[in-house]
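Whole structure, please, built from the sequences with the hints as guidance.
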Amino acid sequence: MAVAGSAVGLGNFLRFPGLAAQYGGGAFMIAYAISFLIIGLPIGWAEWAMGRYAGSRGYNSAPGAFAAILNKRWAKYIGIIGVIVPVMIYMYYVFIESWCLGYAVKFWTGSVDLKTTEQTVAMFKSMSGQMADGSALAFSWDTALPWLMVVFVFNFWLIYRGLSGGIEKMCNYGMPMLIVLALVVLARVMTLGAPDAAKPHDNVVNGLGYMWNPSKVQIERTKPAPGEVKVVEELVGAAAITAAEQKVAASGGALKLVTITPWKQLLNPLLWMAAAAQIFFSLSVGFGVIIVYASYLKKTDDVVLSGLTASSANEFCEVALGGLITVPAAVAFLGLASVAGQGTFGLGFTVLPLVFAKMPLGAFFGGAFFFMLFLAAITSSISMLQPGIAFLEEAMNVGRKVSVTILGLLTALGTGFVVFFTKELKALDTLDFWVGTFLIFILATIQIIIFGWHWGIERGLREAHQGAAIRIPRFFGVIMKWICPVFLLAIFGMTVLTSLFGFDLSTRTFGAASSYVVDLIGGAKDGKAVETNLAAQLSVVLVIIVAIFFGLLSSRAKAYQRAELGLNKHD
Amino acid sequence: MTTSGLIVMLLSVGTVTLLFGWCIYKVLTTPNETEKVHGVEFHTPDMDEEG
Numbered sequence: 001m002a003v004a005g006s007a008v009g010l011g012n013f014l015r016f017p018g019l020a021a022q023y024g025g026g027a028f029m030i031a032y033a034i035s036f037l038i039i040g041l042p043i044g045w046a047e048w049a050m051g052r053y054a055g056s057r058g059y060n061s062a063p064g065a066f067a068a069i070l071n072k073r074w075a076k077y078i079g080i081i082g083v084i085v086p087v088m089i090y091m092y093y094v095f096i097e098s099w100c101l102g103y104a105v106k107f108w109t110g111s112v113d114l115k116t117t118e119q120t121v122a123m124f125k126s127m128s129g130q131m132a133d134g135s136a137l138a139f140s141w142d143t144a145l146p147w148l149m150v151v152f153v154f155n156f157w158l159i160y161r162g163l164s165g166g167i168e169k170m171c172n173y174g175m176p177m178l179i180v181l182a183l184v185v186l187a188r189v190m191t192l193g194a195p196d197a198a199k200p201h202d203n204v205v206n207g208l209g210y211m212w213n214p215s216k217v218q219i220e221r222t223k224p225a226p227g228e229v230k231v232v233e234e235l236v237g238a239a240a241i242t243a244a245e246q247k248v249a250a251s252g253g254a255l256k257l258v259t260i261t262p263w264k265q266l267l268n269p270l271l272w273m274a275a276a277a278q279i280f281f282s283l284s285v286g287f288g289v290i291i292v293y294a295s296y297l298k299k300t301d302d303v304v305l306s307g308l309t310a311s312s313a314n315e316f317c318e319v320a321l322g323g324l325i326t327v328p329a330a331v332a333f334l335g336l337a338s339v340a341g342q343g344t345f346g347l348g349f350t351v352l353p354l355v356f357a358k359m360p361l362g363a364f365f366g367g368a369f370f371f372m373l374f375l376a377a378i379t380s381s382i383s384m385l386q387p388g389i390a391f392l393e394e395a396m397n398v399g400r401k402v403s404v405t406i407l408g409l410l411t412a413l414g415t416g417f418v419v420f421f422t423k424e425l426k427a428l429d430t431l432d433f434w435v436g437t438f439l440i441f442i443l444a445t446i447q448i449i450i451f452g453w454h455w456g457i458e459r460g461l462r463e464a465h466q467g468a469a470i471r472i473p474r475f476f477g478v479i480m481k482w483i484c485p486v487f488l489l490a491i492f493g494m495t496v497l498t499s500l501f502g503f504d505l506s507t508r509t510f511g512a513a514s515s516y517v518v519d520l521i522g523g524a525k526d527g528k529a530v531e532t533n534l535a536a537q538l539s540v541v542l543v544i545i546v547a548i549f550f551g552l553l554s555s556r557a558k559a560y561q562r563a564e565l566g567l568n569k570h571d
Numbered sequence: 572m573t574t575s576g577l578i579v580m581l582l583s584v585g586t587v588t589l590l591f592g593w594c595i596y597k598v599l600t601t602p603n604e605t606e607k608v609h610g611v612e613f614h615t616p617d618m619d620e621e622g
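Just so you know, the protein sequences line up as chains A and B, in that order. Under the working numbering, residues 1 to 571 are what the first sequence spells out, in order. Under the working numbering, residues 572 to 622 are what the second sequence spells out, in order.
If a hint is listed, it holds; no wrong ones were tucked in.
Stretches of chain A that chain B covers, calculated by requiring three or more beta carbons in the stretch to come under 8 Å of a beta carbon on chain B:
1) 18-30
2) 196-210
3) 295-303
4) 386-393
5) 461-475
Straight-line distance between alpha carbons at most 16 Å, and here's what the computed EDC-like set of lysine to aspartate or glutamate pairs gives:
6) A/Lys401 to B/Asp619
7) A/Lys299 to B/Glu606
8) A/Lys358 to A/Asp196
These are computed hints drawn from the structure, not numbers from a lab. A virtual CB, placed ideally from N, CA and C, is assigned to each residue, including glycine.
In structure tokens, the structure reads:
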């Protein structure tokens, strides 16, 4: 239960549904399932094996592990990505964690009286401070600041005092409760029908269709004018499609009904990158976390079944619970048109309160659900701190308390930055893309190349199989050596081509770059010039500053110099 | 919801549920396996070094 509990987090119930909705549901699920099999599981096993090997040599941080495995001077600098990712994700993850605590307390104290979507959207905007930069810093019952202070201090108090027993017990009881509560919520969502009788198309069955149908049907403008959006409306359900056919027929050729096959949707490399990154995010693969925790394991511990159990617990919560609750409920309450525009993490906070409002004892269940999410998030955020702590201990040769103090100051500054730039949650979304998607992707690719090509499959599997009750099937050797790196490099190359240079794969022409790139360097969208965004630019500057700081520390670390020479840390 | 959507949903949910169930079964029925399977441990060895 501890393994399952530590694996489950906000990614399962909040990030996954938000991404699935953003990338159109069904096709995203196909990319997601393929990513789980050919990158999530193999890279997870590789990370467990490499981490345990590095730990046996005395190295517990990602730069130390990379230096010990590669014995090269530059290796520690690549390993820094394994510190940047968890530390910087912590900076915004703890902000979202505070929303969970705030929602739980507000439900339990009866101060949530939600009847309409507008009310839940207003509550979420107030809590997250989306109206304007700096608005989340107001100290009020309705904003995140008081909850954030509690959560931030609580995280570091647990870490500083080393109160591991308490959090483990909380996790052991909290996780089964979270799963039971999620099943109760799922039962309610499945029986919602169409909450608004005036909008019969907005119902749960259509929500399930939006989430799982591989093909999409939409009305498009035949010849969109400059600045006009091509897609008019997305459709799910036979009745909606019949009505759309009549609308198109009456438009005199201005509109057309288009069916987009999954194969066409799967040509979007950003969809693949998002699916792969979600697998990495929720399994903590390519995150710099597993490699650190695996370094504390013994040769007799079972890393193969550990990896598989943690992954399967995660996937169960994500696909069977998260995937069936949030998006169908969002379609039922918000309608198809509004589902994709709620932001990666926002969908759950906007939609789930509406579900609780329609349940008997909704205030109790709402409070309990968000509190359990808060517990799940605490275990994840604490796990994100350990890579930074282990790195500072090794790089600066200091004890745990000094390391925790430095990391506390660094993450407080970073979290303060994220909490200030909350307009449209720009800092959070930018960091989630460039760190929580892009950097994770790079680190995972490097790890599987080291495992498959530097170690080789024979040695890699031998390391993994020590103490294991089950063996990794042989065909995973081919996946780890060939399919996984080629797959990751191909997606990476195509993403750079389409996002950075705006290359359109279907028309083979160059057009607008992705909004994440436009925010940084400016550009155009739908024929209109778009200016750069200061919050997004500063977010990337923050990542660079942290990278330089960690790089300087690594360059002077004696422990890593020993690793480069092939020596154990404590010889 | 289309038939292909229903198939994708049932396959996805069924597969992850079976996999999770099998892992729990394997951990609980293999001798001493509960001692050998680990996730993120909240007590790390560096906590003991400073006392």
